[in-house]
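Q: Chains as they are written, first to last, in this note's numbering: chain A, 1 to 118; chain B, 1001 to 1150; chain C, 2001 to 2376; chain D, 3001 to 3171.
Keep in mind that the hints are not guaranteed to be accurate.
Restraint ranges, calculated between C-beta atoms of paired labels, are given here [stated by the list, open to error]: (1) B/Q1019 with C/T2330: 28 to 38 Å; (2) B/E1089 with C/S2329: 24 to 34 Å; (3) B/P1142 with D/I3021: 52 to 62 Å.
Straight-line Cα separation of at most 25 Å, SDA-like style, residue types lysine to any residue; simulated pairs [as the list claims (entries may be wrong)]: (4) C/K2353 with A/R30; (5) C/K2280 with C/K2211; (6) C/K2280 with C/D2194; (7) C/K2237 with C/P2175; (8) B/K1059 with C/K2211; (9) D/K3164 with D/Y3125; (10) D/K3158 with A/L28; (11) C/K2237 with B/K1059; (12) D/K3105 with A/V82; (13) B/K1059 with B/F1039; (14) D/K3095 with A/R30; (15) D/K3034 with A/V33.
Negatives, chain A to chain D, calculated, CB over 12 Å [as the list claims (entries may be wrong)]: (16) F11; (17) V19; (18) L29; (19) F76; (20) Y92.
Treat the hints as calculated values from the structure; they're not laboratory data.
Keep in mind that this is a model prediction, so the values were computed, not measured.
Glycine included, each C-beta is placed from N, C-alpha and C at the ideal position.
In case you want the letters, here they are:
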Amino acid sequence: MILDYAYVGLFLLFGVAFVAGALIVSWLLRPRVPDTVKNSAYECGENVRGASWIQFNVHYYLIALIFVIFDVDVLFLVPWAVALRELGLMAYIEMLIFIIILVLGLAYAWKKGALNWQ
Amino acid sequence: MRQSDIFELIKLKFPQVIQDELTKAIVVPGDQILGIAGFLNSAEFSFNNLHCLTAIDRKENIELVYIFYSFKIRLQITLKVCLPVDSLEIESLTNFYRSTDWFEREVYDLFGVKFLNHPNLCRILNPSDWKGFPLRKDYSYPDFIKKAQY
Amino acid sequence: MEVNVVSQNKDLYSEEFSINMGPQHPSTHGVLYLDLRLNGEVVTDCVTHIGYLHRSMEKIAENRTYTQFIPFTDRLDYVASMNNNLCYVLAVEKLMNMEVSDRAKYIRVIIAELNRVASHLIAIGTFAQDIGAFATPLFYCFREREKIIDIFDEICGNRLTYNYMRIGGVQFDLPKDIDERIKYFIKYMRSKADDYEELLTNNIIFLARTKNIGILSKSAAVSYSITGPNLRASGIKWDLRKDEPYLVYDKFQFDIPTCENGDVWDRYKVRIEELRQSLKIIEQAIAGIPEGPAVVKPGRIYKPPAGEVYLRTENPRGELGFYIVSDGSTCPYRLKIRAPSFSNLAVFSELVKGVKVADVVSILGSLDILMGEIDR
Amino acid sequence: MAVIEKIPGSQLIHKLPGGGIVLAASGSVFKWAKSSSLWPLTFGLACCSIEMIAAGASRFDIDRFGSGVFRASPRQCDVMIVAGTISVKMGECVKRLYAQMPEPKYVIALGNCAISGGIFYHDTYSVVKGTEALGIPVDVYIPGCPPRPENLLFGLMKLQEKVKKERYAAK
Chain A
1 MILDYAYVGL FLLFGVAFVA GALIVSWLLR PRVPDTVKNS AYECGENVRG ASWIQFNVHY
61 YLIALIFVIF DVDVLFLVPW AVALRELGLM AYIEMLIFII ILVLGLAYAW KKGALNWQ
Chain B
1001 MRQSDIFELI KLKFPQVIQD ELTKAIVVPG DQILGIAGFL NSAEFSFNNL HCLTAIDRKE
1061 NIELVYIFYS FKIRLQITLK VCLPVDSLEI ESLTNFYRST DWFEREVYDL FGVKFLNHPN
1121 LCRILNPSDW KGFPLRKDYS YPDFIKKAQY
Chain C
2001 MEVNVVSQNK DLYSEEFSIN MGPQHPSTHG VLYLDLRLNG EVVTDCVTHI GYLHRSMEKI
2061 AENRTYTQFI PFTDRLDYVA SMNNNLCYVL AVEKLMNMEV SDRAKYIRVI IAELNRVASH
2121 LIAIGTFAQD IGAFATPLFY CFREREKIID IFDEICGNRL TYNYMRIGGV QFDLPKDIDE
2181 RIKYFIKYMR SKADDYEELL TNNIIFLART KNIGILSKSA AVSYSITGPN LRASGIKWDL
2241 RKDEPYLVYD KFQFDIPTCE NGDVWDRYKV RIEELRQSLK IIEQAIAGIP EGPAVVKPGR
2301 IYKPPAGEVY LRTENPRGEL GFYIVSDGST CPYRLKIRAP SFSNLAVFSE LVKGVKVADV
2361 VSILGSLDIL MGEIDR
Chain D
3001 MAVIEKIPGS QLIHKLPGGG IVLAASGSVF KWAKSSSLWP LTFGLACCSI EMIAAGASRF
3061 DIDRFGSGVF RASPRQCDVM IVAGTISVKM GECVKRLYAQ MPEPKYVIAL GNCAISGGIF
3121 YHDTYSVVKG TEALGIPVDV YIPGCPPRPE NLLFGLMKLQ EKVKKERYAA K
């Protein structure tokens, strides 16, 4: 039993090592010539005007939330779609229920007007 | 309907108007430009389109050239205003024609003619901190241009 | 830092966000700086800054003889160089009331209309690319444009800035087999224009991005002295080639495409129709071209009599006008270039208020401006 | 300053028999990778930009040399193709864009105006006489007004040779 978890741990370790390795090698090899103008924000060639930490419209947050819901939705769909043939009919019905709940969520957001910009 | 007929009609209402013999342009005194623009813009001629506005530096005075066009009677007329070099002010026509906004900013930028109560009279082609008016005949080039030719 | 609160909905206020759609931007068609003020996605204000390509053409003109200034007119509207040459050369000829042979007039019409087709191709290609059809229309349009460029290469040996028209005629006569090539091109281009219509015109996404966006009313168009396809898209049937014919345009049958409500889709539609009309003109011009002298011997110094002239011709982007004041010497005393894109762009900040950011790019692409002639 | 010396283990690699070969081999691999994917910055100023787009289009196809990806922001670019006349007002923007590009960066001056102001050299008050006058080091000059797309492709090949020949160091 424990051994199965070892595989997951090994897989996790390898994932982290792979990403960290790429970052470290590129950090080592790339030339670093820091410069004040280079670190300034890029604004199409003009100098920066106005701050970026401003209180922008709240509607962006709403749209980001709706995106996160359906992104997680896809996250669950992919492994299910890959193993659908072995899982059989029951898994299919369960996933349908899951999708219907999400579609209800979308319909609610749509009717409340969260999707179109005011 | 020729330019000279328009000139006769304007002559009736604004007596100081004269016609330049070489170019047939209608020379108008500076302070009456608003009245004449309103007259031209009236329904009968409907010169509702200022096609081009430019200036000519004649050393002792600057000639402003207004070219109007009317779709209704399909005629193009040229109006000229002579401004003495020391007092370069004239009324702005932005409330008659929206296109004069940029035309006048360009003439101000290149010749230095100030247009009174213009929405935002500032340089349009040159950087805002540019010194001098480039298209004047007596304009001397800025020094960094000479320095650049190493 | 002044904070102007933009919208105060029930419980949360949001500030105005100002971004630079600056001089270096893929979809500003050159170096144009738009200072956009946004409330969320909706544009509240737009300040247009131009002058990033100001090359002081009018100052140069005062120190060049009349023939020396012709290559500079190529660099004004560098996508339709032949039409600029044509307008400048016609203005100088009118100043010197000089007559030009019929063959030269026919050659000028053929070349100007071919260049109009090339310019409209670029306008449609970059406009479709800005809207989101990323590379396909642009590569199609450039493939057709290369065919026109080959014809120009054959005629005057250059790809973009031709310096082909001369005061009193043209630089070289048309090569012998050029009319077969042009006839083949016309047949080829007609089928391609229908392909573009199939690809773009009734495409749902294209309609969603262009229908009823950036509507330019008739009165605003006239008051801003907009000219060219943008004016015709607003419903005013005005084209210098028909209403004030110059050269030999009055000998040809072609009609002026206009649309009604002047939105972004109409401006695109007028350009595609105009492309077809230009092909019709070229066809008739090729058929009716007379024999005769057209080439001008180089080396003559022109000294026009003192006087002024203002002449306009129908450029692909609008009415290009040259106001030349000559004082009898070899160089013009003053030369003003009335660029069509200059006033076409002036209306932009008014069209853009209250529009979403994505439509800013769509409206700018449909106005088809070009910074070379705006900044002169 | 060569980056290789900064790697902690690099002294160790030199002592190993054949260590130099490993370093030299990796240097040429980096140079080959760098030279065959020079991403240009979309930076069309004037007429030369139309010829640059034509070079990017299907007939001349700059993609065969790996630099068909015209990036809009300087952060993701390796080469800045200055295509057109630099006016005084645009001068600071060009300098700022060059400064904002990450380090292995190169500059191609496309057309006479970018080399020396071209036909706008005399009697102008608002044209900077070439990219060098702005203080930007230029790697490849491509004369022509505007240069044909084949010239741009040849200039790109010259730049690739230059990238391959230079010692692997932060430029």
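Q: Check each numbered hint from earlier against the structure, then list the numbers of those it violates in ascending order.
A: Numbers 4, 5, 7, 8, 9, 10, 11, 12, 13 and 18 - these are the hints that the structure violates, sorted from lowest upward.
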